[in-house]
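Line order of the protein sequences matches chains A and B.
First residue of the first sequence? That's 1 in the numbering used here, and the numbers climb one at a time after it.
First residue of the second sequence? That's 1 in the numbering used here, and the numbers climb one at a time after it.
Since the hints were made in silico from the structure, they are not lab data.
The C-beta atom is built at its ideal place from N, Cα and C for all residues, glycine as well.
The reader is advised that the hints may include incorrect statements.
[Unchecked claim] Selected chain B positions facing chain A (in silico; Cβ < 10 Å): (1) Ile7; (2) Ala183; (3) Ser358; (4) Lys361; (5) Gly397; (6) Thr403; (7) Pro406.
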Amino acid sequence: MADDTRKKTTTKAVATVTLTIDGKSITVPKGTTVLEAALQNGIHIPTFCWHPKLKSVGACRMCYVEIEKMAKLQVSCATEAVEGMVVHTDSDNVKQGRRAIIEFILLNHPLDCPTCDKGGECDLQNLTFEHGYDDSRFDFRKSRFVDEGSTSTFDDVRIGPEIVLNRNRCILCYKCVRANKEAFGEYDLGAYERGNITQINSAPGEKVDNPFSGNLVEICPVGALTNSDWRYKIRVWLTKTTPSLCNFTSSGTNTLFYKEDHQNKIFRTTSRRNDDIDDGWLPDVTRYGYQIVNSPDRLRVPLIKKEGKQVEATWDEALDLIHKHFTEISDKMGSVCIGGLASPSLDNKSLYAFSKFFRTVLNSNNVDFRSDYRMLPPDAETVFSRLCSRPFKIADIDDSDVVFVFGSDLLREHPNEYLRMRKACNFNNARVFVVNPYATKAADIAALEAVYKVGSDEQAINGICLAAIDDNLVSGPKAKALAEKLSPLTLPETSKACGITVDDLRILARALAESRKISFMCGEIVTRSKERETITTAVSNLNLLFGLENKGQVASLARYANSGGACKLGVQPSPAPAVKDKLKEIWGGYPECEPHNTDSMLALMKKEEVAGFFVIGANPIMLHPDRQFVREGLEKLDFLVACDLFESETTEIADVVLPLCSWAEYDGEYVNLEGRSQRAERAVKPMFESRPGCEIIKLITAKYEKSLGEDEQLTSEIQQLLDLDSALPLPTEFMAVKVVVEDKQDEGFEIPLFVTDDPHHCGHLTEKSPSLTSFADDAYLEIGPDLAERLKLKEGDNVRVESPVGKVIVPARISEHIENDVVLIPRNFSSTPITSLLMRKKRIDRVTLSKVDS
Amino acid sequence: MFYSPVITNGSEAAASDKLHLFKYVEDSEQYKLMTFESHGGYKAWKKVLTEMQPQQVIDEVKNSGLRGRGGAGFPTGMKWGFVPKDSSKPRYLCCNADESEPGTCKDRVLMERDPHGVIEGMAIGAYAIGCHTMFIYIRGEFNHCIDRMEQAVEEAYAKGHLGKNIHGSGYDLDMIVHTGGGAYICGEETALLNSLEGERGMSRIRPPFPAIEGLYACPTIVNNVESLAAVPHIINRGAEWYRTLGTEKSAGTKLFSLSGHVKRPGNYEVELGFSLKKLLYDPAYGGGILGDKKLKGVIPGGASTPFLTPEMIDVNLDYESLTAVGSMLGSGAVIVFDEDTCIVWVIQKLIQFFKHESCGKCTPCREGTGWLKQIIDRIEAGGGQPGDIEKIEEICGNILGRTICPLGDAAVMPIQSSIRLWREEWQYHIEHGKCMVKTEFPFK
Ligand SMILES: Cc1cc2nc3c(=O)[nH]c(=O)nc-3n(C[C@H](O)[C@H](O)[C@H](O)COP(=O)(O)O)c2cc1C
Ligand code: SF4
Ligand code: SF4
Ligand code: FES
């Protein structure tokens, strides 16, 4: 049963009402329901259909209370507490009412509890135990949703790749359908028929496969919705839970791992509701991503290359080899010739140890955590890095009156924030504006979704600014100052350049001007662009012009589980000045050598100026734009060390491969996109011989006969860095925005390509989760119906996607909501090398599509 | 030409200056705009647009004492007054033409034979609440009504009674004819709104009431066809005149759909307060029981209202008198049963209907109606068991007043009243496994 004993914290002065429940005088904010008032004060009222994050519908009628002066029993979940109300939750009348409901629900219920996976955590079991009869007055044969003549109670309808429905157990609380609609905006599940033959089922011709569908299983109060992930694996009472976090998205979604004492594996993940972050909803990638931990494909032991072949080795042999080769390189070429790339999903300690090792032991500044950005600039002082460092609160999206998304396919990049945006719109009437180079799934709630021409990101923003100036929506001096900087751009020209109509630009400008509380979010379409500096400069102007940060939040959202930590701990070549100073202070020194980021290290490898490379948790071949470029660089190296959970394109060519622990196998702390540091606890012992990142780095350091410090010392150093306010302010002056003309197009390649994540995947590891691959297990391309028609492509056709540098063949999917000429391809599947299509120096990748005749 | 030959008292109405809803109901051309206008149609709409403020319209309807004819009898003007005056959201008016309660067939006559009267009433209501888009939700099976309404709406647009800047007033009003999906529950106002939105037709919990948060979460008024059709007459002849009709608490006239074992089943417009006995036996109306048998009982207000026995039919047909005898005026469907009707059989038919039509949202109605049907089916089939009556009573008690919408109550009230009034017949049925009265029906 959903337990909502937490009080809502609110800073605003709100009107209150005082009522009496079971003789206890209770004061709550106006608008609170009787049920919430009771729960918040430790008075238990049973419920089935109520859910703290959904609108009350009063369907199950389990939450009856008696209210003085009202003749009938009232449903407390849908009755607002009013001044002076006297409520009884346990009168004879109420007890009788509840018993009747249980009796009604059980009439046709199969009572197949012994074989039901919900057993032990079933609301129906528990509430029947508490409030039901011990006897049945129903003397008819129970009706069944099963094959004619069958005596089985099983009604296993597979309504999606993961979800199995048993309609006999369903108590029609409608929570699944409501959550799907109200919280996720999905309609792949519905109710059909009427009366007592009403049934929940997938929508005709559809599968329940939306990226939040796992939540439906979690909130189902009975065993009507179960998933393959958990079905028939273990009884819940044999499991113990460990608090953890999502290691795939950047929100730090709170989770629980379930494990059993005698087996070193995780059985499932559920939510650990944190209203500041996740409202208790998990994207499927968060829910099923844990399966990679148990995967039999995990790297088991260290491997070292002998005569061109990787062979099994002991940890000691492998570490010795690393030390030997890195020392040779340092001695020969200087330690600046060694670089490292760490995954932004590693915990704080691993990331910090990684940077400390490079900077204090090797004396190199070549560290980075970004493997999928193209042509990174040196970053410390850029507008881009300032925008990335701005504070952001997820929960503040809720009551924003305007939610503005720019350059982000929010559902794929930030599913949790996508849900918050939907909540703001559906529950608090926020207006949502989405400005992107292609139409995304957020469009259904958007007051306006403006689609700009691919590659005209900064012009779209300039256009909004110019529209505001034109409409006198901003103060004269500001308007004048920015107009000067943007001159000679004009509104009509800019509108034409970005493809958003002047009218739409005006609507967007008005929304920004009129907003009283705004959440402005940028995403990967900005951060991964080669022109990110230009675009963020335009955003900075926008911020100044409308005073956005004074009335809300403006940020470029960090993308991975600990990207936030990586920045705060200085795991990039040029950390923020405050971080760098602090590091210098802690370490009593800081390497002076020139810093290189991932992209420039790869370039230096080709020139043989970087000869040793240490990759931990990352897979640049799969994620970095221009696969050929990366592979050539890595192959030129004298010595490549790769630590990962699985064999990958990168480990394959490494000289030493070390098995790395997942986040479930050690205690770690992670900084989410808000800058909030949270802890994920060790749920299972390290699989096989794998080791946590921090430990690996410490072991290598030991080979140098040095130490990075005891655990406590590391913890305290990390804390000092986390405590530092390393946020850089956005510029306070308007700046000129360089107008970027698109790089010369390669003849014949016309359709812009966006490489994204599949909504059920994230990065390069999730394809090891069977549940997640049941939704998508290989790459495909997504195009709109218009383009499909012109190219004569049908759903499922195999299509050759060709860029000037590479080609892949993938099946086509046609997405109704995409209207312009773009093609999207997920990058999460190693069998299809998508990055081989990309060119790192291009702003836009363009491809051709042609049907492959089978 | 009439689509459906239904007996009405149209000729009486034509000669009366009190009866107004059926005044032209026997005129086979009335559905045409020209005829309608020649009978003074759309005069009230023009008057409202040119001479009255919305609030005046609301006040006029309030003062008239008009109460909702859809079943609940809620004062129409008062309902209109609930629409927030300061809301920036659009407001909507929905005419409830889903008429599906067994026995009720009055709205359909109005729509088929006098569709412009309905449009005019809706338009005035829309104006009163500041609505610019109004809907009529018509029962899906009413093909003829749908045709007639669509045709009438087209004509009304063409003549400028609907559309932009109506008659130069600056007022815009659009009308959408929506056909229902064929479920009784879609007549319940909140389920109707869900259905109109494209959602499954299931009732919503109140509050919020539709007047505050209805269609697309905007202020919405839902009114019955007959309620709205009365409005132009109130505007034309004044609230005072309307109050002179009917009784003090039940002003105006009402359409009664008379069905069952009577000689002249049909739709009759009478002043509220009319004698039920007269309606049943007067040759101008029901003309007496079919085959001159004895009366067994009457459902006075639609399938959901408690029965009256022959001793109780000396009652006036108005809201207060029927409440006083433990029943309700409801939608005005008077269903008559003769002495040869087995009460268990009647109830079986009713519970079959309500079980089938329960929307499935709330537990007591969804599960309870199913269970009741099983028990009652068994009794009717001769398999009744001792204790069944008590069980039925208890189940009814667990449904009554405990559901989201009144369908649950509607399902159990006739059952409860039948047991109260004819308990020995139920008992006989259970004990002997057959009907106590010989059941002979001209129809099945
Ligand atoms: C199950 C159910 C079915 C109903 N069906 C109808 C109907 O078909 N037509 C109607 O006007 N009102 C119907 N009502 C009543 C409506 O909910 C609502 O009260 C009415 O439309 C209001 O209009 P009025 O105030 O003009 O009577 C129904 C109510 C219930 C509970
Ligand atoms: S499937 Fe589960 S969540 Fe959905 S209505 Fe049935 S019981 Fe409720
Ligand atoms: S009472 Fe019946 S029809 Fe009304 S909401 Fe409940 S289940 Fe639906
Ligand atoms: S919890 Fe209140 S009706 Fe279901």
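(message) Checking hints one by one. Is Ala183 (chain B) an interface residue toward chain A, by the C-beta closer than 10 Å rule?
(response) This hint holds: Ala183 (chain B) lies near chain A, its Cβ roughly 7 Å from the closest one there, short of 10 Å.
(message) Take the shortest C-beta to C-beta distance between Ser358 (chain B) and chain A; is it under 10 Å?
(response) holds, 4 Å
(message) Given a cut of 10 Å on the nearest C-beta pair, is the interface hint for Thr403 (chain B) held or broken against chain A?
(response) Cβ of Thr403 (chain B) sits 8 Å from chain A, so the hint holds.
(request) Let me know if the C-beta of Ile7 (chain B) comes in closer than 10 Å to any C-beta of chain A, holds or violated. (result) violated, 33 Å
(message) The hint names Lys361 (chain B) as touching chain A; please verify it with the least Cβ-Cβ distance against 10 Å.
(response) holds, 5 Å
(message) Interface hint check: Gly397 (chain B), Cβ to nearest Cβ on chain A, cutoff 10 Å. Holds or violated?
(response) Since the shortest Cβ distance to chain A is 8 Å, the answer is holds.
(request) Verify the interface restraint on Pro406 (chain B): the C-beta must sit less than 10 Å from at least one C-beta of chain A. (result) violated, 12 Å
In summary, the numbered hints that this structure violates are 1 and 7.
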